[in-house]
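Build the full structure now, drawing on both the sequences and the hints.
There are 2 protein chains.
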Amino acid sequence: MNLEKLKPKREVAIIGIGITKFGEHWKLGLRDLAVEAGMKAVDDAGISGKDIQLVVGGNMSGGLFVGQEHGAGLLADYLGLTPTPAIRTEAACSSGGLAVRVGYLAVASGLYDIVVAGGVEKMTDVYGPQATTALAGAMDYETEAYFGATFPCIYALIAQRHMYQYGTTREQLAMVSVKNHKNALENPFAQYRRPITVDDVLNSPLVADPLRLLDCSPITDGAAAVILTSADIAKKYTDTPIYIKASAQASDTLSLFARRDITTLDATVMAAKSAYKQARVSPNDIDLAEVHDCFTIAEICAYEDLGFAKKGEGGKLIQEGQTEIGGKIPVNTSGGLKAKGHPVGATGIAQIVEIVKQLRGEAGKRQVSGAEVGLAHNVGGSGATATVHILSNKR
Amino acid sequence: MNLEKLKPKREVAIIGIGITKFGEHWKLGLRDLAVEAGMKAVDDAGISGKDIQLVVGGNMSGGLFVGQEHGAGLLADYLGLTPTPAIRTEAACSSGGLAVRVGYLAVASGLYDIVVAGGVEKMTDVYGPQATTALAGAMDYETEAYFGATFPCIYALIAQRHMYQYGTTREQLAMVSVKNHKNALENPFAQYRRPITVDDVLNSPLVADPLRLLDCSPITDGAAAVILTSADIAKKYTDTPIYIKASAQASDTLSLFARRDITTLDATVMAAKSAYKQARVSPNDIDLAEVHDCFTIAEICAYEDLGFAKKGEGGKLIQEGQTEIGGKIPVNTSGGLKAKGHPVGATGIAQIVEIVKQLRGEAGKRQVSGAEVGLAHNVGGSGATATVHILSNKR
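Top line first, the protein sequences correspond to chains L and W.
Numbering of the first sequence is given in the numbering used here, commencing with residue 1 and proceeding in unit increments.
Numbering of the second sequence is given in the numbering used here, commencing with residue 396 and proceeding in unit increments.
Be careful, since some hints might not be right.
Over the 12 Å line for every Cβ pair with chain W, so calculated as not near, a few chain L residues [stated by the list, open to error]: (1) Lys9; (2) Arg10; (3) Ser95; (4) Gly137; (5) Cys153; (6) Met163; (7) Gly167; (8) Leu206; (9) Leu213; (10) Tyr237; (11) Arg280; (12) Asp285; (13) Gln319; (14) Val344; (15) Gly364.
Okay, derived cross-link-like pairs now, PhoX-like style, lysine-lysine, Cα gap no bigger than 25 Å in a straight line [said to hold, decoys possible]: (16) L:Lys394 with L:Lys9; (17) W:Lys760 with L:Lys273; (18) L:Lys40 with L:Lys277; (19) L:Lys9 with W:Lys630; (20) W:Lys631 with L:Lys9; (21) W:Lys672 with W:Lys706; (22) W:Lys672 with L:Lys235; (23) L:Lys9 with L:Lys277; (24) W:Lys672 with L:Lys50; (25) W:Lys760 with L:Lys7; (26) W:Lys668 with L:Lys50; (27) W:Lys404 with L:Lys277; (28) W:Lys422 with L:Lys235; (29) W:Lys402 with L:Lys9; (30) W:Lys630 with W:Lys445; (31) W:Lys404 with L:Lys50; (32) L:Lys7 with W:Lys711; (33) W:Lys723 with W:Lys577; (34) W:Lys577 with W:Lys416; (35) W:Lys445 with L:Lys277; (36) W:Lys402 with L:Lys236; (37) W:Lys711 with L:Lys9; (38) L:Lys7 with W:Lys404; (39) W:Lys445 with L:Lys9; (40) L:Lys9 with W:Lys404.
These are computed hints drawn from the structure, not numbers from a lab.
Just so you know, these numbers come straight off a predicted model, no measurement behind them.
Beta carbons are placed, not taken as given, at the ideal position from N, Cα and C, and that holds for glycine.
As structure tokens, this is what we get:
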């Protein structure tokens, strides 16, 4: 058990955020999306490109989606930032969470004062099954993908087991999707802004039993970016810096079969444990969370793994309405991966963008009133990687 | 111009190295190679897996080469290191240099004491042209790869211009390859351990005029790893820590056409400038260097961009034998990318491994006598990314 130490050499804050509309952008490529999000973050922070000393870019698979590796370099190039160094980070769908972590380490090291951490994915330029193949790069190729496993089927196994072991119901799974679609109605950047019902989910086409179409997050184009600096410098740029109180990450086996318990993402459990310790808070202190709902079952597991519900009681939490806006712990106020969309490399950053908006009080009709502490939870694969960040508007 | 600051919060040292044989490993996959290098580095450092707090893994395109993204997580998994966090870094062929930099930032931040930074690529499982396509992901897809450009053709343009503008000769290009093959004879981990002559190079098949087969680095399977810790902790583990005196990186446009001068890699110039400043040394103080000779012309440009020769006089430097072992500034004592081999994600780490061996006095028959300060230079694409590390056996 090797968790992060409790305190970096320098504390880190977020002074700018930017996000594109999530959806099918047939007229925008990887670079256009990344540049749009980056420019918005720069404007929001009130800095100029010259101030940026490092670019960190999360991208899962520019190679398999659009033939383009070297994505962070491309971003530095098209943002006009050369010779500023650029680092791409990748851990499948948690590539964005990693970008924030590497930017955080860079500022904490004392070597960089202003860092942009962004994430981007361009997924809709490929024919459907090719996207499934690219995404399968996140699982263990030799033990899973090679034998035909897809992510819906992996998460369906987790759902089957959770239902068998804890009595979680098909309806409870559907409620996750209904809540996230409802939240997305108030998010102008979300891909799907239409309300759905439990019946809509239950009657949608079966993808991998018990998961149906409306249990699954979509294929999405999109990008998001944040500007990081030290907590001391932040006040120079903004009256509302948002502080990174914890940046944690943990790993698990890539293969589902090798896990201790397939309904528990140990990487989430470990990263959350480290994050709560770093931030000196408990799950009860979290005012809202963005969690990795790539499938509805994943959000229910996240409730449990992050400590918002006891093991096996995640289904009950959604059923009681506790994770709605106004509930005990609002989850995925942005619409989550399900309704906001899931451009895999951008998702981890987009989660942080939502938390920052909420902690600044700028979330409009989806605002969680009085929010002071928020958590972002980003997962790679079926849980081989998890990052957990805790943010606060108080230093 | 945003260069790194001069001093991190904590100085960083290397206490362990590991490398696999480079070549065609038809019986070893991505994970086998990565685990072999990682285990060797752990053994060399005299630590146990439990001591490792972070894994950073450089890999250019596991996705396009073998269908496997999420490579750092895979490494943590198969090294038995879960729940230790794992971060993949990528900037094409400089992915390994980036892994060292991110490991360096992690230690410098004070959050991690022991970090393994590794690099791996498995390139020979694909049919030749597919490897060319995968590597093309390092250039600008929309302005270069899409129109049929390959890396040999991009570097051939650079060579043509260098010959036209500075009178660099075909024979001088060949001498780079001859020297590197000679050095590889004494490196048991090198892919090609056979001497070649200038005539062999000149008579080898034409790839992209003026570059011939023996001007080009090969497709290679291989992995390498180093163990990083703070300079203060290092002495606890070894009597011969090697200190990272500088870790620098810079960017340039991905497209060659967009450059100020196609015979100068400005990213190398800028990264070198920052590195010399951080380490408080000049090019004259460097006892040996590993440079990025993906093609023979690239080594000649590197001589100039790193300050070992004046602009336009790189060809003269090789002709005079100054970069041979025993010369003024021995370059690529390992055999370089040309003869040691070029598993793209591993190359940046393998360069550091060679410098560490030399500075420890453990390089056998290719030892540079009295070496105290070494430089490693890793390039992504045609120079969109460059990293420069300066190492010393004196703190």
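Verification of the hints:
1. The non-interface label for L:Lys9 is inconsistent with chain W: the shortest C-beta to C-beta separation is roughly 4 Å, within 12 Å.
2. Taking the minimum C-beta to C-beta distance to chain W, about 7 Å, the non-interface status of L:Arg10 is violated against the 12 Å cut.
3. At roughly 8 Å from the closest C-beta of chain W, the C-beta of L:Ser95 falls inside 12 Å, breaking its exclusion from the interface.
4. Not every beta carbon of chain W lies more than 12 Å from that of L:Gly137, the smallest distance being close to 4 Å; the non-interface claim is violated.
5. L:Cys153, annotated as away from the interface, keeps every beta carbon of chain W farther than 12 Å; the closest lies near 17 Å.
6. The Cβ of L:Met163 sits about 27 Å from the closest Cβ of chain W, beyond the 12 Å cut-off, so the non-interface label holds.
7. Distance check on L:Gly167: its Cβ is at least 29 Å (rounded) from any Cβ of chain W, clearing the 12 Å threshold; non-interface status holds.
8. Interface exclusion of L:Leu206 from chain W stands, the closest Cβ pair being 27 Å apart, more than 12 Å.
9. Every beta carbon of chain W lies more than 12 Å from that of L:Leu213, the smallest distance being close to 25 Å; the non-interface claim holds.
10. Every Cβ of chain W is farther than 12 Å from the Cβ of L:Tyr237; the closest lies at roughly 16 Å, confirming the non-interface assignment.
11. L:Arg280, annotated as away from the interface, keeps every beta carbon of chain W farther than 12 Å; the closest lies near 16 Å.
12. With a least CB separation of 22 Å from chain W, L:Asp285 remains clear of the 12 Å interface cut-off, as annotated.
13. Against the 12 Å criterion, L:Gln319 stays outside the reach of chain W, whose nearest CB is about 31 Å from its own CB.
14. At roughly 10 Å, the least C-beta separation between L:Val344 and chain W is not larger than 12 Å, which violates its mark as non-interface.
15. For L:Gly364, the requirement that its beta carbon stay farther than 12 Å from each beta carbon of chain W is met, with the minimum near 34 Å.
16. A distance of roughly 19 Å separates the Cα atoms of L:Lys394 and L:Lys9; the hinted pair therefore holds under the 25 Å criterion.
17. Distance hint between W:Lys760 and L:Lys273 is unfulfilled; the C-alpha atoms sit about 51 Å from each other, more than 25 Å.
18. A distance of roughly 33 Å separates the Cα atoms of L:Lys40 and L:Lys277; the hinted pair therefore is violated under the 25 Å criterion.
19. At roughly 22 Å between alpha-carbon atoms, L:Lys9 and W:Lys630 fall within 25 Å of each other, so this suggested pair holds.
20. Our distance criterion of 25 Å between C-alpha atoms is met by W:Lys631 and L:Lys9, whose separation comes to about 22 Å.
21. For the given pair, W:Lys672 sits about 20 Å from W:Lys706 by alpha-carbon distance, which is consistent with the 25 Å threshold.
22. Of the pairs offered as hints, the one joining W:Lys672 and L:Lys235 is violated, with about 30 Å between alpha carbons and a cut-off of 25 Å exceeded.
23. Annotation: proposed proximity of L:Lys9 to L:Lys277 holds, straight-line Cα distance about 17 Å (limit 25 Å).
24. Distance check on the hinted pair: W:Lys672 and L:Lys50 sit about 20 Å apart at the alpha-carbon level, within 25 Å; holds.
25. Distance check on the hinted pair: W:Lys760 and L:Lys7 sit about 46 Å apart at the alpha-carbon level, beyond 25 Å; violated.
26. This hinted pair checks out: W:Lys668 and L:Lys50 have alpha carbons roughly 18 Å apart, not beyond 25 Å.
27. Annotation: proposed proximity of W:Lys404 to L:Lys277 holds, straight-line Cα distance about 23 Å (limit 25 Å).
28. Using a Cα cut-off of 25 Å, the hinted pair W:Lys422 and L:Lys235 is violated, with the two alpha carbons roughly 56 Å apart.
29. Restraint check for W:Lys402 and L:Lys9: the C-alpha separation of about 13 Å stays at or below 25 Å, so the hint holds.
30. In summary, the hint linking W:Lys630 to W:Lys445 is supported, as the alpha carbons are separated by about 19 Å, within the 25 Å threshold.
31. Under the criterion of a C-alpha separation no larger than 25 Å, the hint pairing W:Lys404 with L:Lys50 is consistent with the structure, at around 24 Å.
32. At most 25 Å may separate the alpha-carbon atoms for a hinted pair to count; L:Lys7 and W:Lys711 exceed this at roughly 52 Å.
33. Distance check on the hinted pair: W:Lys723 and W:Lys577 sit about 17 Å apart at the alpha-carbon level, within 25 Å; holds.
34. Between W:Lys577 and W:Lys416 the alpha-carbon distance is near 17 Å, which keeps this suggested pair within the 25 Å criterion.
35. Note on W:Lys445 and L:Lys277: the hinted pairing holds, with a Cα-Cα distance of about 20 Å set against a maximum of 25 Å.
36. Distance hint between W:Lys402 and L:Lys236 is fulfilled; the C-alpha atoms sit about 23 Å from each other, no more than 25 Å.
37. The suggested pairing of W:Lys711 with L:Lys9 is violated, with an alpha-carbon distance near 47 Å, which exceeds 25 Å.
38. Proposed proximity of L:Lys7 and W:Lys404 is supported: the alpha carbons are some 13 Å apart, at most 25 Å.
39. Using a Cα cut-off of 25 Å, the hinted pair W:Lys445 and L:Lys9 holds, with the two alpha carbons roughly 24 Å apart.
40. With a C-alpha separation of about 7 Å, the suggested pair L:Lys9 and W:Lys404 falls inside the 25 Å cut-off, and the hint holds.
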